[in-house]
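Student: Each chain, letter by letter, is given below.
2 protein chains.
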Amino acid sequence: MLERFKVPKKDEVRVSHESLHEVIKAVFLKMGTSESDAVEAADVLTMTDLRGVETHGVSNMLRAYVDQYTSGQVNPKPDWKIERETPGTAVINADRGLGVVLGRRFMDIAIEKAKVVGFGVVTVNNSGHLGAVGHFSMYAAKQDLVGMCATAAGTGVLPTFGAEPRFGTNPISIAAPANNEAALLFDAATSQIAGNKFTLARRIGSDLLPGWIADAEGNPVMEETPPPDGDRGYGHLLPLGGTRENGSHKGYGFLMMVDILAGMLSGSVPGMFDSEYFESAYKHYFAAYNIEAFTDVAEFKSNMDQMLRTLRETKPAPGHDRVIYPGLAEYEEEQDRRANGVPLHTEVMGWFKGLEDEMGVPALTRI
Amino acid sequence: MLERFKVPKKDEVRVSHESLHEVIKAVFLKMGTSESDAVEAADVLTMTDLRGVETHGVSNMLRAYVDQYTSGQVNPKPDWKIERETPGTAVINADRGLGVVLGRRFMDIAIEKAKVVGFGVVTVNNSGHLGAVGHFSMYAAKQDLVGMCATAAGTGVLPTFGAEPRFGTNPISIAAPANNEAALLFDAATSQIAGNKFTLARRIGSDLLPGWIADAEGNPVMEETPPPDGDRGYGHLLPLGGTRENGSHKGYGFLMMVDILAGMLSGSVPGMFDSEYFESAYKHYFAAYNIEAFTDVAEFKSNMDQMLRTLRETKPAPGHDRVIYPGLAEYEEEQDRRANGVPLHTEVMGWFKGLEDEMGVPALTRI
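Protein chains in written order, with this note's numbering: chain A, 1 to 367; chain B, 1 to 367.
It is possible that part of the hints are untrue.
Since the list gives no way to pick out one identical chain from another, each pair is judged satisfied if it fits inside one copy or across any two copies.
To be verified - Only pairs whose alpha carbons sit at most 16 Å apart, straight line, appear in this in silico EDC-like list of lysine to aspartate or glutamate:
(1) 315 <-> 217
(2) 6 <-> 296
(3) 77 <-> 11
(4) 81 <-> 108
(5) 81 <-> 358
(6) 6 <-> 336
(7) 10 <-> 347
(8) 301 <-> 223
(9) 30 <-> 357
(10) 10 <-> 245
(11) 10 <-> 95
Everything labelled a hint here was simulated from the structure, so no lab data went into it.
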């Protein structure tokens, strides 16, 4: 994550990840979920903050989930059902359950299918927010499969040359296991930045960089600019690439790829026709490739090691200390945060204090 | 395609697509392929030029294929074999056959599997160049499946912050059918531009745009610049996004995604360890999603129509006539070129004349 999105040292409070897990679990229980669902959600959110993926950790998402449970928009006791099924595929209606809570179970179904027919794919409609899609890809990779996960919802991103938003930020991820190197874990919005980066930037007072958003008429803004007004600063995001000359038509294609894989193949309408951004209209895609259906698992992992090490040892361009690969910085962050705590902004600590007073959930343990 | 890559009107000769097909077929027969393989190759290359995908049509690729057959690098009579197979997956050793010739048959296997278990994936090792990956995705879409295709090979693209190339241009594609609108067809290198764009730019005398390539030290070149020297101008390409601030870490992730799906899941080593770029080391990924395993096919296509029409009718940003979607310009180009011929550069016409004299293949029919 670029420095401009990180919590400034002066505003940072470090809390233990065990205590963060305990508090998240308590919050979900207060929202009416089962014990096991509360643990699932705490696992996902704690790991996301441990990896440093602050866009999708507690600071932005936990309070969104509390609001959504409180307003009745998401269902704390979802009775999810498989609507269609073949040996390699399943389509699930999540009964307005949060993806954060149910996602691991959906990836489990994909993995079971992959073990039988080589590849498994599960698409999900009528769900809530999934959290960081990379979490579920990584869950498959930890079991020696290649995992992919994507999610589609809402309309905040412009098509190339367009003045009206037509896509969600539609993130996609892939994870693959290695032996000695940290696993590959790629997880990215197919827009220039994730929608939640607006929230981080506002909290910290950072500007957005050139080519990330467009103005109200659809012109790419080519200088640094504060995040625009509005609930989420959403609606003016440009596709990955930014401008046509710089490849935004490719980001546009990836946005559509996710809208099809997660959205339309889950039997949903395209995101642009969702009536409202938060109307429980998240759609998800979980896929698992059983490596041994394709090649020798030991050889695959040894090749991964060799590839990841070679990337790490690639000569850097001037001004850079080293080359990293997707997942390496997150792995290193996890080691640091397990030892030294998860940094939260004082503003976020204030919100947790409010929860403590209102709901009687435990206090976070500072480190 | 940006104007800077198109054949300038003054250098353009229009030939009939039927005659182009006939000449390509004759060239492949001269190279020693079977009649049916020659027709396959002519189908792929002619359709690619009809769609205006000039990077991967005859002007760049046919002469590369002739060179590769002549040097013995690719095999005109490949005895390809399935190495591993499950109900949903197959891994194929292509016996150094060109993907252009064999690709449709590999997608057929993926489609057959998708009809049984909902999804089919075929990975291919030890193959030659595949042509435009979108061609094979579209082949599946024409049969009412969602098709995906990708190919990995060689090392011409830098990782973010790196000074040494580690990836091929690793294109990926998806196609999905509609009823009344031209199908969605997204096909893009996951580098800033396709390697063959260097060849087009050199032929036409165009410069490259800022953020597409790096200099010899790995610094992104942020002004317009002529294509660098070297056989393919290859080795300094930046990932999609260009710079880290503009999202190149995401392009880097997509490069790796393709290296894993097409490369490592075909039992191959990562592209960065291929001994030489053209060493018959292309690896491919073909995937087909059986739409009816996921949702109602008629409803899916009707939703596609609604999405594609809405994109087409999206209010454009100032300075743009309209919003297009991936596949629309290619569809329109196809209609135009079927009627008015395929534009070839005079330099390319000269090469065809040489073939006519050397090999006795028919002359192209001008329009």
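Student: Does each hint hold? Answer for all of them.
Tutor: Okay, the hints, checked on the actual structure:
1. For the homomeric pair residue 315 and residue 217, the shortest alpha-carbon distance between copies (9 Å) is at most 16 Å, but the shortest distance inside one copy (42 Å) is not.
2. For the homomeric pair residue 6 and residue 296, neither the shortest alpha-carbon distance inside one copy (40 Å) nor that between copies (45 Å) is at most 16 Å.
3. For the identical chains of this complex, residue 77 and residue 11 are neighbours neither inside a copy (37 Å) nor across copies (68 Å), given an alpha-carbon limit of 16 Å.
4. Taking the closest pair of Cα atoms, residue 81 and residue 108 come within 16 Å of each other only inside a single copy of the chain (15 Å); across copies the shortest separation is 32 Å, beyond that limit.
5. Neither within a single protomer nor between protomers do residue 81 and residue 358 lie at most 16 Å apart by alpha-carbon distance, with minima of 34 Å and 66 Å respectively.
6. In this assembly of identical chains, the alpha carbons of residue 6 and residue 336 lie at most 16 Å apart only when taken from the same copy (15 Å versus 52 Å across copies).
7. When the C-alpha separation of residue 10 and residue 347 is checked against a cutoff of 16 Å, the pair qualifies only within one copy, where the shortest distance is 12 Å, while the shortest distance between copies is 64 Å.
8. Proximity of residue 301 to residue 223 under the C-alpha cut-off of 16 Å is found in neither arrangement, the shortest distances being 43 Å within a copy and 40 Å between copies.
9. Proximity of residue 30 to residue 357 under the C-alpha cut-off of 16 Å is restricted to the intra-copy arrangement: shortest distance 13 Å within a copy versus 82 Å between copies.
10. Within a single copy, residue 10 and residue 245 get their C-alpha atoms no closer than 40 Å, and across copies no closer than 24 Å, so neither meets the 16 Å cut-off.
11. In this assembly of identical chains, the alpha carbons of residue 10 and residue 95 never lie at most 16 Å apart, being 43 Å within a copy and 61 Å across copies at closest.
Consistency note: the structure conflicts with the earlier hints numbered 2, 3, 5, 8, 10 and 11.
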